[in-house]
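There are 4 protein chains.
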Amino acid sequence: MANSKFEYVRAFEQPDYLLPNTWVVVRVDGRAFTKMCAKYNFEKPNDRRALDLMNAAAKAVVTDLSDITIAYGVSDEYSFIIHKSSGLFERRASKLVSTIVSTFTANYVHLWPKYLPETPLSFPLPTFDGRAVCYPTVSNLRDYLSWRQADCHINNLYNTTFWALIQQGGLDNKEAEKALAGTLAADKNEILFSRFKINYNNEPEMFKKGSVVFRDYELVEPDSHTITETMDSLAEPIKQSKTQTENDKKRRAKACIVVDHLDIIKNDFWDRRPWLLSNKPGKIPKET
Amino acid sequence: MANSKFEYVRAFEQPDYLLPNTWVVVRVDGRAFTKMCAKYNFEKPNDRRALDLMNAAAKAVVTDLSDITIAYGVSDEYSFIIHKSSGLFERRASKLVSTIVSTFTANYVHLWPKYLPETPLSFPLPTFDGRAVCYPTVSNLRDYLSWRQADCHINNLYNTTFWALIQQGGLDNKEAEKALAGTLAADKNEILFSRFKINYNNEPEMFKKGSVVFRDYELVEPDSHTITETMDSLAEPIKQSKTQTENDKKRRAKACIVVDHLDIIKNDFWDRRPWLLSNKPGKIPKET
Amino acid sequence: MANSKFEYVRAFEQPDYLLPNTWVVVRVDGRAFTKMCAKYNFEKPNDRRALDLMNAAAKAVVTDLSDITIAYGVSDEYSFIIHKSSGLFERRASKLVSTIVSTFTANYVHLWPKYLPETPLSFPLPTFDGRAVCYPTVSNLRDYLSWRQADCHINNLYNTTFWALIQQGGLDNKEAEKALAGTLAADKNEILFSRFKINYNNEPEMFKKGSVVFRDYELVEPDSHTITETMDSLAEPIKQSKTQTENDKKRRAKACIVVDHLDIIKNDFWDRRPWLLSNKPGKIPKET
Amino acid sequence: MANSKFEYVRAFEQPDYLLPNTWVVVRVDGRAFTKMCAKYNFEKPNDRRALDLMNAAAKAVVTDLSDITIAYGVSDEYSFIIHKSSGLFERRASKLVSTIVSTFTANYVHLWPKYLPETPLSFPLPTFDGRAVCYPTVSNLRDYLSWRQADCHINNLYNTTFWALIQQGGLDNKEAEKALAGTLAADKNEILFSRFKINYNNEPEMFKKGSVVFRDYELVEPDSHTITETMDSLAEPIKQSKTQTENDKKRRAKACIVVDHLDIIKNDFWDRRPWLLSNKPGKIPKET
Numbered sequence: 001m002a003n004s005k006f007e008y009v010r011a012f013e014q015p016d017y018l019l020p021n022t023w024v025v026v027r028v029d030g031r032a033f034t035k036m037c038a039k040y041n042f043e044k045p046n047d048r049r050a051l052d053l054m055n056a057a058a059k060a061v062v063t064d065l066s067d068i069t070i071a072y073g074v075s076d077e078y079s080f081i082i083h084k085s086s087g088l089f090e091r092r093a094s095k096l097v098s099t100i101v102s103t104f105t106a107n108y109v110h111l112w113p114k115y116l117p118e119t120p121l122s123f124p125l126p127t128f129d130g131r132a133v134c135y136p137t138v139s140n141l142r143d144y145l146s147w148r149q150a151d152c153h154i155n156n157l158y159n160t161t162f163w164a165l166i167q168q169g170g171l172d173n174k175e176a177e178k179a180l181a182g183t184l185a186a187d188k189n190e191i192l193f194s195r196f197k198i199n200y201n202n203e204p205e206m207f208k209k210g211s212v213v214f215r216d217y218e219l220v221e222p223d224s225h226t227i228t229e230t231m232d233s234l235a236e237p238i239k240q241s242k243t244q245t246e247n248d249k250k251r252r253a254k255a256c257i258v259v260d261h262l263d264i265i266k267n268d269f270w271d272r273r274p275w276l277l278s279n280k281p282g283k284i285p286k287e288t
Numbered sequence: 001m002a003n004s005k006f007e008y009v010r011a012f013e014q015p016d017y018l019l020p021n022t023w024v025v026v027r028v029d030g031r032a033f034t035k036m037c038a039k040y041n042f043e044k045p046n047d048r049r050a051l052d053l054m055n056a057a058a059k060a061v062v063t064d065l066s067d068i069t070i071a072y073g074v075s076d077e078y079s080f081i082i083h084k085s086s087g088l089f090e091r092r093a094s095k096l097v098s099t100i101v102s103t104f105t106a107n108y109v110h111l112w113p114k115y116l117p118e119t120p121l122s123f124p125l126p127t128f129d130g131r132a133v134c135y136p137t138v139s140n141l142r143d144y145l146s147w148r149q150a151d152c153h154i155n156n157l158y159n160t161t162f163w164a165l166i167q168q169g170g171l172d173n174k175e176a177e178k179a180l181a182g183t184l185a186a187d188k189n190e191i192l193f194s195r196f197k198i199n200y201n202n203e204p205e206m207f208k209k210g211s212v213v214f215r216d217y218e219l220v221e222p223d224s225h226t227i228t229e230t231m232d233s234l235a236e237p238i239k240q241s242k243t244q245t246e247n248d249k250k251r252r253a254k255a256c257i258v259v260d261h262l263d264i265i266k267n268d269f270w271d272r273r274p275w276l277l278s279n280k281p282g283k284i285p286k287e288t
Numbered sequence: 001m002a003n004s005k006f007e008y009v010r011a012f013e014q015p016d017y018l019l020p021n022t023w024v025v026v027r028v029d030g031r032a033f034t035k036m037c038a039k040y041n042f043e044k045p046n047d048r049r050a051l052d053l054m055n056a057a058a059k060a061v062v063t064d065l066s067d068i069t070i071a072y073g074v075s076d077e078y079s080f081i082i083h084k085s086s087g088l089f090e091r092r093a094s095k096l097v098s099t100i101v102s103t104f105t106a107n108y109v110h111l112w113p114k115y116l117p118e119t120p121l122s123f124p125l126p127t128f129d130g131r132a133v134c135y136p137t138v139s140n141l142r143d144y145l146s147w148r149q150a151d152c153h154i155n156n157l158y159n160t161t162f163w164a165l166i167q168q169g170g171l172d173n174k175e176a177e178k179a180l181a182g183t184l185a186a187d188k189n190e191i192l193f194s195r196f197k198i199n200y201n202n203e204p205e206m207f208k209k210g211s212v213v214f215r216d217y218e219l220v221e222p223d224s225h226t227i228t229e230t231m232d233s234l235a236e237p238i239k240q241s242k243t244q245t246e247n248d249k250k251r252r253a254k255a256c257i258v259v260d261h262l263d264i265i266k267n268d269f270w271d272r273r274p275w276l277l278s279n280k281p282g283k284i285p286k287e288t
Numbered sequence: 001m002a003n004s005k006f007e008y009v010r011a012f013e014q015p016d017y018l019l020p021n022t023w024v025v026v027r028v029d030g031r032a033f034t035k036m037c038a039k040y041n042f043e044k045p046n047d048r049r050a051l052d053l054m055n056a057a058a059k060a061v062v063t064d065l066s067d068i069t070i071a072y073g074v075s076d077e078y079s080f081i082i083h084k085s086s087g088l089f090e091r092r093a094s095k096l097v098s099t100i101v102s103t104f105t106a107n108y109v110h111l112w113p114k115y116l117p118e119t120p121l122s123f124p125l126p127t128f129d130g131r132a133v134c135y136p137t138v139s140n141l142r143d144y145l146s147w148r149q150a151d152c153h154i155n156n157l158y159n160t161t162f163w164a165l166i167q168q169g170g171l172d173n174k175e176a177e178k179a180l181a182g183t184l185a186a187d188k189n190e191i192l193f194s195r196f197k198i199n200y201n202n203e204p205e206m207f208k209k210g211s212v213v214f215r216d217y218e219l220v221e222p223d224s225h226t227i228t229e230t231m232d233s234l235a236e237p238i239k240q241s242k243t244q245t246e247n248d249k250k251r252r253a254k255a256c257i258v259v260d261h262l263d264i265i266k267n268d269f270w271d272r273r274p275w276l277l278s279n280k281p282g283k284i285p286k287e288t
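Chains A, B, C and D, in that order, are what the protein sequence lines are. UniProt numbering numbers the first residue of the first sequence as 1 and each following residue consecutively. UniProt numbering numbers the first residue of the second sequence as 1 and each following residue consecutively. UniProt numbering numbers the first residue of the third sequence as 1 and each following residue consecutively. UniProt numbering numbers the first residue of the fourth sequence as 1 and each following residue consecutively.
A few of these clues could be false.
Calculated cross-link-like contacts (lysine-lysine; reagent style DSS-like; alpha-carbon spacing at most 25 Å) [to be verified]:
1. D:K208 with D:K188
2. C:K250 with D:K208
3. C:K5 with A:K280
4. A:K39 with B:K59
5. C:K5 with A:K242
6. C:K114 with D:K266
7. A:K286 with A:K59
8. D:K266 with C:K5
9. C:K35 with D:K59
Not the full set, but computed from the structure, chain A residues with beta-carbon under 10 Å of chain B [what the hints assert, rightly or not]:
10. Y17
11. P20
12. A60
13. V109
14. F128
15. R131
16. Y144
17. L219
18. V220
19. N247
20. K249
21. C256
22. V258
Just so you know, these hints were derived from the structure itself, not from any lab. C-beta: ideal position from N, C-alpha, C; glycine also.
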């Protein structure tokens, strides 16, 4: 059985290399998660166990693929940022997206019993889709992440008020929707506080800000030079020796991968963690 | 926190619609499976439990996504064929690939303890990547599948002989490689038979032919018209009423999804199962 | 001055191969032609000299690129069909589109003085843009061409009536538009005939049907087998000897390239010219 | 003749938007120009008339499309740079490439008799192909242009020496090739000077540096801030009022488009012409 007469079919595979020197965002989204939340009785408006599971799966992805410099998650979605200088999988879109989605899914399913021990999985299983988007500048990339975190805030304030009206206010879905139609952020804060004694500022950071996953090093005192405007040059790949590359790799491997709930819209987060954009590992903090 | 000033970043998402009216093959491949086989001590040259697990995961994918007309798997890879008339996910490549890879991975990880109960999973977990390729004609599509099945045969004959030389013949890897260098299929059959009393024809069909997954209906007696040449017209979508579409959907849902090990290179397989290419569900077989 | 440190920029070029085994349509469109028609005083509703010039430019393109099997033009647009088996320029979209657009433009500008001797060109010059679209089946391809020819008919009937109302009926643009709002084809025919004694059927074929450009061979008596349904298999590339390929090339070079105004929606046109879809040159007609 | 049943074919057109916020280079190349040079007896190693014609065609393109910020040409190729903030033709690759190629070709053919009055055009006419490439940063863009200009220098030094050996040294092609095999730049300079009394530095700038086309404004005294490192932020689009945009448009239209032969590899060229990267028109120079 010769294979040669069939092999021509390989010519139909079309290359899908992502543009070099751009930031690659791979966003992973839960498939039909509204249905899944209902099926597994996730708590409303936020199920801490489910979010912890998302974060654990994301951490496994970042651990596995060191070209990912930072990841940001909210609700049933997670965005993984691959550094602009990365040549991982030759920057093939389908390979990058499918590997990240598969690693995320594998860990989500495998870790499920640890985070939701009383809710066994059943068919159809939770799954995720994904897509890759390129951003040419640091400014575009940060705007992408700001977009997701602003979305998190807007949705969480809405959902917190919506479910307070239902769970504590006794309204049904329609009534709660109607009560919130046309309200501004201040109105929702007011409803929460005056009717339910909830100070939104005291809500858990994870719910208000979402989750950031990254390799952690010693924070840097931002000086006048590491300001946003120069960040693109900061992100330019620097030619370095093999020894230096090896050292970087080792330091990166030693770094602790943290899950935190911080403001990533403001400059401060980035100024104090220059390694996120430079891809140059920082100092491993001394044990305390 | 207004989101409007960040939303422009959506314009960077680039469309990736696959060409309409073409067969879409989504091939899923194990990531670093050589390493994984070693880690989990998979049997050589074929580990029946691991292949059964692959087949179970593939069956779950076909069950979940009814636009998949047939799937073919061998070793650590599986190809899923989406009918040319399908508009699933608007034919977006990343959505199709990531959903199939995620569903496959979720089921693979979830079903692992059932198929390999004595080999618990550990990090890093098994994962898969995927890609989509379009084929314009039935002839191209069948050549793709023939390519994979011919590959299965060639590799399995090689591996069966290679591991017989090692496991029963006492050779080491290098010696076995050398013994097989330049041999033809007939030579390998001869080695197997004369030295190890193995008749390759009696090897399990799953090892020799790989696995096919599809919805099963009553076999059709091929008449002179359903020959390969007319298959492209057979595959052309037929305009039909909503009732008819609904009926098709119901019949498809009722159909039994089978995993079998058949020759898919020859015409006979396709002639007797016209629904695979026409996407027109066949007759549900009477219970026996 | 070493070039090596800059050469990395080549890696930013992204491949744009069109899917193999599909029909490639390159459609060329006039840029800002409404303005150009006004500038050069083209006759309304059709300027025969301008259409002859379009046809001459298209004929030059078909002569130059023998992988083009047929071209169809109407108004300021021309569609060039590259046979599905063609590997011209490795099927790179930008190369195919730009070469065809450039050859079309060069001939259009160069031949202008021959077809419009009393209207010298001035800046900005007439230019064209282009795009490539792939069609997997003969049926899709013919539907594409039918779409363009049906469009030609619809527009020409409208324009003929519109300009009759203005040029002979004394209406202004607004009044003519209003008079035609909501009319069907029959209504327009009636207006033309009853008010202006114009029998639309007697209008020039070039205006009613557009123009087809192709290599001409002896017409074939269509038998019962060369019907639409089998056309896809007809179009499948046949393996042939080098001598045969050389002979084909010679016959193709000898063939007369004609510009005609025929119905390309009905089967008859295609049944009698099987070489258009098979890419197998026909018989050179005897001189008469 | 209803068109509705054919219109579905539009769905086969695939979008080809170029990534936003990246520099678009459209490079135009002569098709089979070696053959054309021979046919029209172009002078070797450089034909001034032919280069002047290339420059005139390029100037027409830059005049016509004000989103082009700079163009660079050498031999039978021309690169047109579209500013990263441009939304011309929705950034569709085929539209951008085909329009630029068509405008270039139209002007090249139309202006031919002016630049080569004694060499009338004949079929097949000179034509060009084109492709678009995106560059994310100013640094990448400048490296692209440096690559082309370094190539110009390397080729011109080689060709000048090669043709001196033939035209003045009496060698044939093979002998000249052999004489130059393995030589460095210094060797070629030496051959030119010692054997033919040619000081390469005195060769015409157009031959040594190629040609740059751009809108000219008053040169700027570069201060310490407009250095290469900050150029990316310089190129970031600035939000501005409609009046400002209108003013810019007018100033751009008033600007003189020049063809010059300058070093575009060094910083000086860019530092003194900040409008090239900022897309912010400079000061119109006072008439002198």
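Consistency of the hints with the structure:
no. : hint               : verdict
1   : D:K208 with D:K188 : holds (14 Å)
2   : C:K250 with D:K208 : violated (44 Å)
3   : C:K5 with A:K280   : holds (23 Å)
4   : A:K39 with B:K59   : holds (22 Å)
5   : C:K5 with A:K242   : holds (19 Å)
6   : C:K114 with D:K266 : violated (48 Å)
7   : A:K286 with A:K59  : holds (22 Å)
8   : D:K266 with C:K5   : holds (14 Å)
9   : C:K35 with D:K59   : holds (22 Å)
10  : Y17                : violated (13 Å)
11  : P20                : violated (15 Å)
12  : A60                : holds (7 Å)
13  : V109               : holds (5 Å)
14  : F128               : holds (5 Å)
15  : R131               : holds (4 Å)
16  : Y144               : holds (4 Å)
17  : L219               : violated (25 Å)
18  : V220               : violated (26 Å)
19  : N247               : violated (24 Å)
20  : K249               : violated (17 Å)
21  : C256               : violated (16 Å)
22  : V258               : violated (18 Å)
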